[in-house]
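**Student:** Next come the chains, spelled out residue by residue.
Number of protein chains: 2
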Amino acid sequence: MNLILIGFGNVGRALTYILWEKGDRLKGLKLNINVTGIFKSDGGFIDHNGLKLGEILEKGKQHQSWVPEASPLSYIAELPCDVVIEMTPTNVKNGEPGVSFIRKALEEGKDVVTSNKGPLVVSMKELLSLADKKGCFFFYEATVGAAIPIFTVAREFLKHDRILCIEGILNGTTNYILSRMSEDKVSFDDALREAQEMGYAEADPTYDVEGIDAACKLVILANGLMNMNKHLSDVEIEGISRVTPEMIELAEEEGYLVKHIAYLDEEKMEVAPRLVPKNSPLTVGGTFNVITINTELSGSLTFIGKGAGPRETASAILADVITIANKRGGIKSG
Amino acid sequence: MNLILIGFGNVGRALTYILWEKGDRLKGLKLNINVTGIFKSDGGFIDHNGLKLGEILEKGKQHQSWVPEASPLSYIAELPCDVVIEMTPTNVKNGEPGVSFIRKALEEGKDVVTSNKGPLVVSMKELLSLADKKGCFFFYEATVGAAIPIFTVAREFLKHDRILCIEGILNGTTNYILSRMSEDKVSFDDALREAQEMGYAEADPTYDVEGIDAACKLVILANGLMNMNKHLSDVEIEGISRVTPEMIELAEEEGYLVKHIAYLDEEKMEVAPRLVPKNSPLTVGGTFNVITINTELSGSLTFIGKGAGPRETASAILADVITIANKRGGIKSG
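Respectively, the protein sequence lines represent chains A and B. Here the first sequence is numbered in the working numbering, starting from 1 and rising by one per residue. Here the second sequence is numbered in the working numbering, starting from 1 and rising by one per residue.
Treat the hints with caution; some may be incorrect.
[Said to hold, decoys possible] No more than 25 Å apart at the CA atoms, straight line, and that leaves these computed lysine-lysine pairs for DSS-like:
| hint | chain 1 | residue 1 | chain 2 | residue 2 |
| --- | --- | --- | --- | --- |
| 1 | A | 22 | B | 159 |
| 2 | B | 327 | A | 133 |
| 3 | A | 327 | B | 327 |
| 4 | A | 27 | B | 159 |
| 5 | B | 27 | A | 133 |
No lab work stands behind these hints, which were simulated from the structure alone.
Chain A extracted, bound-state conformation (with noise of 0.2 Å):
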C-alpha cells in the first residue's frame, strides 16, 4: 500500500516515526507500507520505490529524496499512491491549503486521511459528497479528540443506533487553564502563560481559549456523526476567559465544577462554560479531552483521552490507514 504524506510538522514527523519503527508490526497485519512521497511547504521528499524513512527524519532536506519546490498537486497523480495523508495546519477561515490537497486526492480516485480541521468546517459535506462519488474513503478520525476512537465507534457499533445528542471537552488547553484554577487556585491569566510554557496553547491564546477550536470539532461531529450540514457560524460560542476564581470556588460550594463544555443536539450548537456535577464523566482534568454521546439504545457512552499529542494523533491516523487497507481487502495497487 503506497501513501503520500502531506505536511511534516510535529504530526507529520510523529507518523513518519511510527512507520518506521513499527514497520515490523505493521508487517505482521500484512500491511506492506510505502510512502513515495513526504511533502512540506517548500518541497518534498520523493521516490517512487518507497522513500527510506529512518534516513529523511535523520537527514532531514539533507537527503538525496529531497526535491526542492515540489508541490503534492502536481505529484498525487504521478507517484504510486493508495492513500493520501493530509496533516497541514488547521485554517479556518478558508480550509487552504488542506482542501485544494484533498480535492485533488478525491478527484484522482485516492483515498484520504487528515487530521486537519480547516477543509472540514469549511468544506465538509462537499468533500464527503466527491469522496462517494468516486468511490473513496474520506477517513477524519484524528481532527477530534486525537485518539479518542469517536468515528469509528460511531461507524463500526452504532449504525443501527441514534445518537440523541452530543457533549464533551474538546479542548485540552481551556480544559488544563480551568483545572489549575479549580485544583490549585490559580489565577486565569497565570494559568494561561502555564499552557503557553507547557506547550499547551498557541503564542496568540485566542483560537483554544475563545471556544473557536471546539468548536470547530463540535461542526465535525455534527456532520460526522449526526449526519448534518453545519458550519462555524452556527454555533453559538463563549470563551472561558471571563471565568473567575471566586465563580470556580461558589460552584464547587455547591458541588459543581465549571467546565468549557460544547454541546450539540438536533436544535443547538453551543460551547460555553457550564457548571457540570462533580460526579459527572466530563469532570476528567488536565489536558483530557471527554465526549459523552447519548444513544437511544446503547444509552450513554462516554470517551475520555488525551485530546491532543503528535504520537496519538499519528496513531489515529494509522487507525484510519489500517481500516482502509481493510476495507480494500488488503493491498491496492497505486
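For this one, chain A is given, so just place chain B on it according to the hints.
**Tutor:** Using the frame of chain A, we list chain B on its own:
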C-alpha cells in the same frame, strides 16, 4: 440474514423487541433480518420462513410457532441460519449450556454472537480456535460492560497499537454500593439491600460483591484484548464486603475514593478495593462501568457506559450482528 436466538430472558426479549421495533431502520441499512428460531429452556418458537416477532412478544407460548421441548442442538443445523445468538444465563463452573450451543453452532459453520460470559470464562481459547478453523466469526462485545464498545475498538482501531495494561470498574452493583456508601454515608448492608430492591444485585449477592463477576470479565478482556489464555483461577480476587464507611471517609480526607478496581497487565490480574485519586476517570459513580486501556501509541483511553441493562446489552449484540453482516458482504444465504 437469518438468525437463531437462544435464550429469551431479559436480554433475549430486549433484542427481539429491538429487531421488531427497529425493523425499518435495519432495512435502511440493507439488512433484511429474519429470525427463524427463538429458544427457551423448555422449547422454542420455530418458523423456517421467519417468525412474527411482534406476535411472539405479545402471545408468548400461546403463539402457534411454539414447539415444546424443541432444543437448539437439533435445530441449529436444520433451520435457515447465518448467525446464532447465544444468551443463556452465565454459568462460570462449566459454561453450560452455552458452551454446547456455541460449539454446535460453530461446528455447523454458523457465525456466533454471545452475551454469555460462562462459555468464555471456561473455554474461550477452544471456542475461538474452533471459530477460526471453521472460518466463522465469534463476537462477544456484550459480555463486558454491555454497550461499552471495547472489543470493537480493539479490533477496528488498535490493530497497530499495543495494549500495556487495563484497569476498570467492571461490575455495576459493587460500584453502586460503594458510591452510595461514599456519597450518602449509607452502610454496606443498607446499600446492598437497596441494590437488591432496585434489581441491580441478585438475591445471592456473592457473585457481584465478592468480585467473581468482575473477575470473569477481566478474564475475557485478558484473552480477547491481550491474546492471553487465562482462567478465573488466575485472578486474585478480593470483594468489597470488608469495606467500611470509616475506610471510605479516611480515604476521602486524603483526596481518594474507594473503588472496586479490576487490573490486568502481562504480570498480574487482580480485582480488589483500591484507592483512586478523585480526579481520575475511574471515579465514575452509580451503576456505571469504566474501562481504561493504556496503550503504547494512542495513550490512555477510557470508556464509560451503563455496565448492564437488557437494552444496552441487546444493542451490543445487534452491533456484532451488523459487523458480521458487513464483513460477510451483506446478506449471506442460510
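**Student:** Run every hint past the structure and note whether it holds.
**Tutor:** Verification of the supplied hints:
1. For the hint pairing residue 22/A with residue 159/B, the CA-to-CA distance comes to about 12 Å; that is within 25 Å, so the pair holds.
2. Between residue 327/B and residue 133/A the alpha-carbon distance is near 23 Å, which keeps this suggested pair within the 25 Å criterion.
3. Our distance criterion of 25 Å between C-alpha atoms is met by residue 327/A and residue 327/B, whose separation comes to about 9 Å.
4. A distance of roughly 12 Å separates the Cα atoms of residue 27/A and residue 159/B; the hinted pair therefore holds under the 25 Å criterion.
5. Restraint check for residue 27/B and residue 133/A: satisfied, since their Cα atoms lie roughly 23 Å apart, inside the 25 Å limit.
The structure is consistent with each of the numbered hints, conforming to all of them.
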